[in-house]
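Peer 1: Those protein sequences? They're chains R and Y, same order as listed. Reading the first sequence from the start, the letters are residues 1 to 485 in the numbering used here. Reading the second sequence from the start, the letters are residues 1 to 596 in the numbering used here.
It should be emphasised that the hints constitute simulated quantities derived from the structure, not laboratory data. We put the CB at the ideal spot given by N, CA and C, even for glycine. There could be a bad hint or two in this list.
Selected chain R positions facing chain Y (Cβ under 8 Å, derived; list incomplete) [said to hold, decoys possible]:
{"#": "1", "residue": "Ile116"}
{"#": "2", "residue": "Ser279"}
{"#": "3", "residue": "Ser411"}
Residues per chain are reported as follows:
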Amino acid sequence: MSLEYLGVKEVNGSLMVVEGMKTASFEEIVKITLENGEVRTGKIIQMDDQVAVIQVFESTQGISGKNVRTGLTGSVLKLPLSREILGRTFDGVGRPIDGLGEVRAEQAWDVNGAPINPIARQYPRNFIQTGISAIDGLTTLIRGQKLPVFSGNGLPHDRLAVQIANQAQISGKGNISFATVDEAVARAGQDDFAIVFAAMGVKNDVADFFRRSFEESGVLQKVVMFLNLANDPVIERIVTPRCALTAAEYLAFEHDMHVLVILTDMTSYCEALREISSSKGEIPSRKGFPGYMYSDLAMLYERAGMISGKKGSITQIPILTMPNDDITHPIPDLTGYITEGQVVLDRSLHQKGIYPPILVLPSLSRLMKDGIGEGYTRKDHGGVANQLFAAYAHVQEVKALASVIGEEELSPLDKQYMIFGKQFEERFVAQKFDENRLIDFTLDLGWELLSVLPKDELTRVDEELLNSYYQDKVYEKYAQNAKVR
Amino acid sequence: MKEQAIISGINGPVIKASGASGLQMLEMVQVGNSKLIGEVIGISEKFCTIQVYEETSGLKIGEPVYSTGSPLSLVLGPGIIGEVFDGIQRPLETLKAEFGNFLGRGIETFNLDKNKEWQVEVIVTVGQMLTGGQIYATVQETDLVTHKIMLHPYKSGKVVEIVKQPSYKVLDTVIKIENEFGDIENLNLVQYWPVRDPRPFQIRQSLEKPLITGQRIIDTFFPIAKGGAAAVPGGFGTGKTMTQHQLAKWSDADIIVYIGCGERGNEITEVLEDFPKLIDPKSGKPLMQRTVLIANTSNMPVAAREASIYTGITIAEYYRDMGYHVAIMADSTSRWAEALREISGRLEEMPAEEGFPSYLPSRLSQFYERAGYVTGLAGEEGSVSIIGAVSPQGGDFSEPVTQNTKRFIRCFWALDRALAYARHYPAIQWLESYSEYTPDLEKWFESQVDPEFYANRKEAMALLQEENNLMEIVKLIGADVLPENQKLILEITKLIRLGFLQQNAFHDVDTFVPLVKQFKMLETILYLYQKARQLVGFNVPVSRLRQTGIFDEVVKMRYTIDNTSTKPFDELKDKIDNFYREVANSYKGFERMEIE
């Protein structure tokens with residue numbers, strides 16, 4: 001490090017302004033040495049011919065106008081990478097915090113990454129069995145997809161993420177679940193997987209819960225953790241998901257691994273973005289969030305996917321807590337526009353004691369249509385899912401009606417819908433934390449529930465399928481009940 | 001190329017260059033040592049402001065800015081169709097060859113395939129006078145598209161030589177002309193056109209022909225004219241992209257320009273995988289042979305996203321001038337507006353509503369006004385129809401982009417979250433949507449499809465409106481208490497919703513429905529309504545009608561009757577007649593018995 005610049009012109013929040021940095025380049029990383037010898041890191045985020053504006057990662061506390069030396073590092077922020085990162089824990093900007101020393105790096109990658117050329121992408125089609133009926137059946141997760149969990153404070157999104165991570169990656173003896181049998185045979189035990197976990201502004205015990213859960217299921221050696229906890233510097237939070245995704249890209253595209261990335265909590269990330277934006281004096285758009293938040297989030301979420309000719313894949317499960325459970329808040333809203341669907345958790349289901357409290361109607365998987373059906377899951381999958389959605393949507397109308405005129409006054413058909421709705425929530429949506437359902441089980445259960453309804457109500461399914469899967473016995477049983485009551 | 005200015009300030013994609021007095025407004029420049037592509041968007045006494053179409057990290061103060069002397073322009077010529085470009089018309093294949101799977105920056109590339117050999121047929125003779133826009137040669141670009149090589153609109157002259165070659169590359173001279181100043185100009189297969197300028201034409205025509213999409217709710221209820229502009233607004237997950245894809249696949253335009261503007265990378269991949277496999281129903285050739293893709297996904301540089309809309313519309317106008325009907329799908333214009341907002345914010349301009357710049361409405365109107373049905377300079381009739389997706393924040397249509405878009409389009413297909421949740425696709429809400437083209441197209445539909453087309457449409461629409469009113473009551477007290485004739489309306493509108501408005505994009509037969517079948521389907525439903533209404537008039541309860549199963553049979557006609565023949569509709573009609581007789585007889589008998 002040759003040249004250092006003495007003094008600071010201005011400090012504002014996490015930003016400091018240094019004069020005369022002629023040779024600096026945009027977005028370069030700088031080292032800031034304080035009077036007491038402490039070294040901090042910063043990034044140049046704006047410059048003109050007089051001054052450079054530097055965003056200080058740790059904090060600006062103790063920085064004075066004099067006696068602070070700023071030196072250029074000559075490069076943008078890079079993450080040292082090698083296979084050794086598996087099983088390691090890093091802080092929000094990629095420094096090891098597990099006491100095991102520095103990573104012996106093979107390569108160092110720019111954490112900002114670069115956009116994947118759209119024509120180099122491979123369209124994701126492989127079904128991942130998560131063992132959760134509401135997801136597998138209705139919002140199917142596809143390898144290479146970005147499927148966020150929209151949750152609220154106090155809802156069990158962490159447990160759900162852990163369950164997905166455990167069951168999606170390791171079914172049986174450490175194998176990955178595959179859609180087709182021959183693929184599973186061909187690759188049984190051969191394919192490598194990894195989990196990259198990035199915590200942004202979550203509490204220490206939440207991070208610890210993930211850690212323990214991974215440990216219990218014996219995958220800790222396959223997990224890379226990046227932790228920026230609630231009491232860590234806010235500015236580092238901007239870099240945390242970028243580090244995590246850089247690590248994921250490295251593992252997926254250099255080492256052919258199937259990587260599952262869990263990002264929690266995106267709300268904290270966006271709030272950090274807002275904090276920096278406002279200290280830069282930028283013009284805010286909705287709710288004070290910066291106008292470029294869509295582009296910024298897209299830079300993260302679009303780093304999921306598959307590349308044709310490469311074996312590895314990156315599947316993203318970002319978790320965000322909707323402020324005030326409001327799905328139209330800018331954070332879930334912009335996220336929903338970028339990601340390929342969403343899994344929405346609901347407070348009232350949670351209060352009814354249903355785990356996982358997945359609200360299926362607003363939940364969606366955009367890649368589902370190409371990853372299900374014959375050759376992937378089962379021929380009837382699309383029809384069942386469609387019919388379950390339609391029927392459950394009707395249940396909501398019936399419920400609204402029942403709340404006005406009372407359940408007793410409903411027509412016999414609507415009563416059957418009420419039974420269906422109840423059964424659907426209690427048997428299809430609800431399951432145990434460690435319950436790993438096969439896709440066939442999920443679909444059969446779907447048929448059993450649909451059979452509560454009369455056959456001619458099921459207009460969304462092909463007649464042929466309807467005839468082969470519809471269970472008359474179930475119908476008779478419930479039709480009797482409905483009449484009797 | 002001489003050095004013009006040096007960088008004196010950097011803020012994201014916006015840079016300032018000082019000593020730049022020679023740069024023009026909207027000139028294309030090359031920024032820094034790595035020669036990133038940029039465009040001048042502001043000039044002041046001391047410096048000019050440049051937006052850069054590539055990532056700016058690593059740039060240094062004091063690096064040079066090179067002038068190119070011309071505005072950001074497209075290269076228009078054979079080889080556009082079937083290609084995938086980024087927002088400033090760089091072929092993604094070339095970028096992939098250069099940088100691999102991830103996008104790099106700072107590449108100087110020619111926008112078309114320079115080395116491809118084309119068979120050219122020259123259609124002018126030596127001595128002939130050519131005026132701007134006149135066609136002087138044709139090239140078979142794909143099986144579906146004959147590319148007509150036109151003289152640049154602002155040039156003219158006398159043909160002095162035709163260069164004979166067995167085949168030509170795009171930059172080979174084809175003819176030479178002598179212009180009015182006596183200079184000889186070599187003309188090849190391409191022309192350059194500034195991306196922000198609308199291409200000139202002779203005269204605008206009135207819009208009288210529909211763009212047939214094969215989507216029932218659109219064609220029958222809310223048709224768009226060739227040369228018209230439509231907007232598809234909807235919150236996330238309501239199926240904007242799906243609707244756009246369906247239109248790109250099945251509408252009867254000659255050329256489709258699909259702009260993936262700030263949307264997902266995988267959606268572009270999906271189009272790339274799907275379209276070559278899909279066969280155009282008219283010609284039997286793969287759809288890719290009439291499609292141009294512009295892909296500037298959400299994680300690609302934001303300034304290029306702003307340009308991508310103009311790139312798309314300019315290409316569309318170029319093919320329009322050849323006499324083609326072009327449909328342009330912009331997915332999504334909200335992302336484009338956000339790019340405007342982002343750049344505006346970096347320029348520290350005074351924001352108007354929700355941080356959007358105050359020139360948002362004028363930019364939107366400039367874009368949508370480039371749609372139209374025109375006679376081009378070469379005398380060919382062509383059209384550009386624009387279908388823009390809008391992604392309102394929070395699904396709330398009162399936000400500025402939706403509201404301002406509504407002012408400049410005449411066809412509004414509102415996507416509804418409740419319908420999407422119930423998996424009713426396309427989730428176009430029939431009460432909220434409208435098409436102002438409906439009266440203009442009446443003549444066409446009545447002469448080309450059926451004189452009753454509009455009458456049926458009107459009746460069905462009235463029923464749906466009535467259903468909405470009845471549902472207010474049903475929500476409060478349930479359907480059982482309604483009188484039988486109103487119950488019948490609910491039953492019939494359910495039939496219209498399930499059997500007509502809903503359309504399955506993944507079903508081979510249902511994905512595209514010709515107008516004749518659309519008409520027959522609606523006619524059948526209304527015929528059933530007429531018959532059933534008579535029965536209800538005889539005091540037959542609706543539940544008795546439902547038992548006959550005729551309703552289910554009619555719902556299924558969208559799957560069971562294929563698109564080629566109308567005969568099964570006559571059979572279906574016979575069935576309805578039988579149903580009528582059967583019920584009427586049994587019921588009359590029953591009634592008589594009771595009376596006796």
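Peer 1: Take the hints in turn and mark each one as holding or not.
Peer 2: Evaluation of the provided hints:
no.: 1; hint: Ile116; verdict: 6 Å, holds
no.: 2; hint: Ser279; verdict: 15 Å, violated
no.: 3; hint: Ser411; verdict: 6 Å, holds
In this structure, only the earlier hint numbered 2 is contradicted, and the remaining ones agree with it.
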